[in-house]
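**Q** Based on the provided sequences and hints, a complete structural model is requested.
Below, each chain spelled out in residue letters.
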Amino acid sequence: MSVVQQKNKETDPLIRDLGHDDHFHAHHHGDKYQTNFLTTYIFSQDHKMIARQYLITGIVWAIVGALMSLVFRIQLAYPDADVSWLKPFLGKWITLGTGGVGRLDPEFYYALVTMHGTILVFFVLTAGLSGTFSNLLIPMQIGARDMASPFLNMLSYWFFFLSSLVMMYSLFVSTGPFSGGWTAYPPLSALPQASSGSGAGLTLWLVSLVLFVVSILLGGLNYITTVLNLRTQGMTMWRLPLTVWAFLVTAIIALLSFPVLASGFFLLIFDRSLGTSFYLSDIFINGQALDRIGGSPILFQHLFWFLGHPEVYIIILPAMGIVSEVMSVHARKPIFGYRAMVYSMLSIGFLSFIVWAHHMFMSGVNPFLSNFFVIFTLIIAVPSAVKVFNWLTTLYGGNLRLNTQMLFCIGFVSMFISGGLTGIFLGNSTIDIQQHDTYFVVAHFHVVMGVAAFFGMFAGVYNWFPKLFGRFMNDSLGKIHFWLTIIGAYAVFGPMHYIGLGGVPRRYYRFDNFDAFRDFDDLNQFITIAAIVTFFAQLLFVVNFFWSIWKGRKLTEKNPYGSNSLEWTTPVKTIHGNWPDKLPVVQRWAYDYGKDGKEFIQQHKPMAEGEEDSSH
Amino acid sequence: MMTTDQTQQTPVSNWEGGREPFKASYGKLMMWYFLLSDAFTFAGFLISYGALRFSSPTWPVPDFVFSSLPGGIHHKPLIFVTFMTFVLIVSSVTMVRAVQEGHRYNKKGVALWMTLTIVGGLIFLACQAWEWSTLMGKEHMTIHVNPFGTHIESGTYLDGDGHDVQKGDQFTAGKSYLIHKHGDEWAPLRYQTESGEIKQQQFGPKAFGALFFFITGFHGFHVFSGVVFLSIILVNVLSGIYANRKNHYEMVEKIGLYWHFVDLVWVFVFLVFYLL
Amino acid sequence: MAHINYEAAKRVAYRGFVILGVVTIVEVFIALLGKGYIVEGFHLSRPVMYLAMICLSLYKAYYIIFEFMHMRYELPGLVRSVLLPTILLIWVIIAFFYEGDTWFHWRKSVQEIPAEMQLARPAGNAGLIPVQSADSTEAQEAVPADSSRPAGQVQPGHTH
Chain Y
49 MSVVQQKNKE TDPLIRDLGH DDHFHAHHHG DKYQTNFLTT YIFSQDHKMI
99 ARQYLITGIV WAIVGALMSL VFRIQLAYPD ADVSWLKPFL GKWITLGTGG
149 VGRLDPEFYY ALVTMHGTIL VFFVLTAGLS GTFSNLLIPM QIGARDMASP
199 FLNMLSYWFF FLSSLVMMYS LFVSTGPFSG GWTAYPPLSA LPQASSGSGA
249 GLTLWLVSLV LFVVSILLGG LNYITTVLNL RTQGMTMWRL PLTVWAFLVT
299 AIIALLSFPV LASGFFLLIF DRSLGTSFYL SDIFINGQAL DRIGGSPILF
349 QHLFWFLGHP EVYIIILPAM GIVSEVMSVH ARKPIFGYRA MVYSMLSIGF
399 LSFIVWAHHM FMSGVNPFLS NFFVIFTLII AVPSAVKVFN WLTTLYGGNL
449 RLNTQMLFCI GFVSMFISGG LTGIFLGNST IDIQQHDTYF VVAHFHVVMG
499 VAAFFGMFAG VYNWFPKLFG RFMNDSLGKI HFWLTIIGAY AVFGPMHYIG
549 LGGVPRRYYR FDNFDAFRDF DDLNQFITIA AIVTFFAQLL FVVNFFWSIW
599 KGRKLTEKNP YGSNSLEWTT PVKTIHGNWP DKLPVVQRWA YDYGKDGKEF
649 IQQHKPMAEG EEDSSH
Chain S
186 MMTTDQTQQT PVSNWEGGRE PFKASYGKLM MWYFLLSDAF TFAGFLISYG
236 ALRFSSPTWP VPDFVFSSLP GGIHHKPLIF VTFMTFVLIV SSVTMVRAVQ
286 EGHRYNKKGV ALWMTLTIVG GLIFLACQAW EWSTLMGKEH MTIHVNPFGT
336 HIESGTYLDG DGHDVQKGDQ FTAGKSYLIH KHGDEWAPLR YQTESGEIKQ
386 QQFGPKAFGA LFFFITGFHG FHVFSGVVFL SIILVNVLSG IYANRKNHYE
436 MVEKIGLYWH FVDLVWVFVF LVFYLL
Chain L
7 MAHINYEAAK RVAYRGFVIL GVVTIVEVFI ALLGKGYIVE GFHLSRPVMY
57 LAMICLSLYK AYYIIFEFMH MRYELPGLVR SVLLPTILLI WVIIAFFYEG
107 DTWFHWRKSV QEIPAEMQLA RPAGNAGLIP VQSADSTEAQ EAVPADSSRP
157 AGQVQPGHTH
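Residue numbers (the numbering used here), protein chains in the order written: chain Y, 49 to 664; chain S, 186 to 461; chain L, 7 to 166.
Because the hints were derived from the structure by calculation, they are not lab data.
In this text the structure is predicted, and so the values were computed from the model without any measurement.
Please note that a few of the clues may not be correct.
Claimed, not checked - Taking lysine-lysine pairs in the DSS-like style, the calculated list, with each CA pair at most 30 Å apart, reads:
hint, chain 1, residue 1, chain 2, residue 2
1, L, K16, S, K366
2, S, K360, L, K41
3, S, K360, L, K16
4, L, K16, S, K292
5, S, K323, L, K41
6, Y, K630, Y, K515
7, Y, K527, Y, K630
8, L, K16, S, K384
9, S, K384, L, K41
10, S, K208, L, K41
Unchecked claim - Cβ pair distances, simulated, as ranges:
hint, chain 1, residue 1, chain 2, residue 2, range
11, S, K431, L, R52, 48 to 58 Å
12, L, L81, S, F268, 52 to 62 Å
13, L, L89, Y, L450, 43 to 53 Å
14, Y, A429, L, K16, 51 to 61 Å
15, Y, G658, S, N199, 39 to 49 Å
As the list claims (entries may be wrong) - Anything over 10 Å on all C-beta distances counts as not near chain S; from chain L, calculated:
hint, residue
16, K16
17, S51
18, V54
19, V98
20, I119
We put the CB at the ideal spot given by N, CA and C, even for glycine.
**A** In structure tokens form, the structure reads like this:
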């Protein structure tokens, strides 16, 4: 204990001698931001606390979303099973038939599918991933005291929290949560009478997501301006760790795409609440023509996917950045092709905005226009492949530390390759005619942006847990978690490709009316069992996470991994303002591993006589 | 604030870190990037407008729809909206002046020109309120019904509406008409086409009314929130907060950016709704 | 920020008023002239009129951004970072308008279906007739003129 405290007080001699004095203490008499419990833990303006808040909210949502998937997986595998044991949890959504046999309400099945998508895409993999690590790492890795505007940063989290509350509330309204798919296509979403979930459930869903957009914009503005303006001395753009580049590109994408989703939602809210017809035309309800004409449901799809496609890169880019950084540190090698990594992220960011209609090949987009979307889509394979090859070559010949975070990085690359390859199938409009709306699509996006992004998130959590909570997570438990997760993920989504190629459509309540799909019953049951096992493997992570917060092995040195980036020059017990006295001045890029016979050279260490700057 | 770093031998670029690469504070950058993202919101609306207009067989002619003036004057196309545009331009100019006075640390000047800007914003909102209430109350255009149509073929009227159209009036394809209401009943006129068919005036595309109220309303909401923010900042100016700040009147500059953006959006709203 | 002197800045502001005002008047003039309000019987062709108005509006936008919002005095990096992303909108405009045109043609082709094969249309409204494309005999059989079946059930090609 005393050693830790002593080490904590010790100022890094390099920072003491070469650091930049920004008169931190002159400006902050005491700590005006963290004076009591409320301002320290709840309405905190400290980026590290906000990161923790994002992470824990994300974990709660992930558990909720995953449990939903288990319920509908059970329904798909065992449609005739008695699920009355779920009645205590799901209440009236389990209907009791003859002999007390419980059945999942079909309406609620769709609600579960919808909510699973919404929660995982927005609340876990956008807010939980990018929100956590952008907040934690951007200021620490660029050498800043905090975000550009800590206040807006706090607002960003609380808008997210408010949005979470509204979404959570929508799960409990009597007509049920929204059930028209996470994409909320009209007319199911535009007409409250379309299904019971399209009433109050969808109204709350829309309110929640509009609040979410506000949160993302506040966060994104902060991330961009922080990276631009608050880099410490010597931290040129080409010396930034790839994590920061990834968060920057993510924030730019979010800033440009989420507003268009908001426009789409505003028009949808008008259609629902005020009776306009932006998305409605030629609608019949019970044979009665509806007096709502002149709009187009495809318009909503365009507006939605103009966000929707960039959104998948908003999810995957932070994971890519984390993987690049963690992999380089634990392979003890500089990341291969640093600039190629940056340029490929930028080009992925650009391309993500011009390919949106490849989600709509079969929903009515003009076939001629589709050609262009196919071409643009397939071009994305190029920067993605550049990144994959760079990761592989980073691993090649490295002095690998196969700890949990490294395993998850390698798992990420594996998942990204598997899912990326099926993306090339689906990007072709001709092949998409056969594959659209089947489990092949479900398997594709779960592997490439679901599981892969989760792997990036796990890698990040295992790696930076000591910076978040001052303790390590248990590595052995982590490795078990990894192996169960990667085997489980392939066991769930591998067969799903196969049944998708067999034509089994997604979003069906049960298949036993269709002779063609009866052959896949066994596989469906296998997938469900694998999903349940994989879910319980995640509980290992949750237990490990919360156990380690209080009982984990303590962090006793500043730089436990021998890492170069600046977050490992901060005190062992993190403080508001990150560095106790002066700010470190950066002298080199973040990837000087194994250079000139040294295992690693931290970023604030000056160049030796005649040493070449590796970043050029 | 920015001490030079002794380890740097080469001439220092703006991107070396420890300085603002665009020589703009984070607050100004945030405002610029917020406006960029807000521009994408409006782009989403205006491009949707374009797509729906392209998909519609007819579209009302703006100089027929927007042709009323206060005091019961009709058939003066686009005059009122041109006046509204002028109000917004003037308020933009007064905002520019407020920012310039801020650079001179002239508190009174800032307050004067900001007050004029707020007045401009309020006049614009009042004009919009009049325009909306005329369209809704007198011409019965709502987000559900669009009584403004255009003829797709030539013909002769069989009825008169007691306003502009007499029985026996001739019209050609492309001519605009307005379906009136008698009491609570719509009274679409009948006409005979050149081929002898008897037809009735049809309502115009519904999307027109809904898009008009939605997009101008969204813009009006921006004007309104701009007025609110301007008022708050005006109070701060008068209280002397900014005079003591390190960055002085930068807040006035930031709200100025927002206000000009409102004007900028109006350029495009004006273009697509009133001109094209 | 590098600034021009106060008097010159003031002149820029008032010149901006004159320029924006004159351009607006020219736009309205073109609109009215083109549609025959000013000179009896004189019309401008639509593409010419529209192109002129779009160009003038873009000029106004340019003037507001560069003079009023002081973009002219910012560093090129800031200018690029704010303006370049709007290039993305070009493809959005092309794609959305092309789509709008497609919907127009589909609606037109739907209207060419003989009346006895159509569903009842909403009373009192123009234009659009809610039936599917004409080339499916299944659909024709499934939809008598006074059909009371929901439209969703008659989609041709929906063979599941």
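**Q** Against the structure shown, which of the earlier numbered hints fail to hold, in ascending order?
**A** 1, 3, 7, 8, 10, 12, 15, 16, 19
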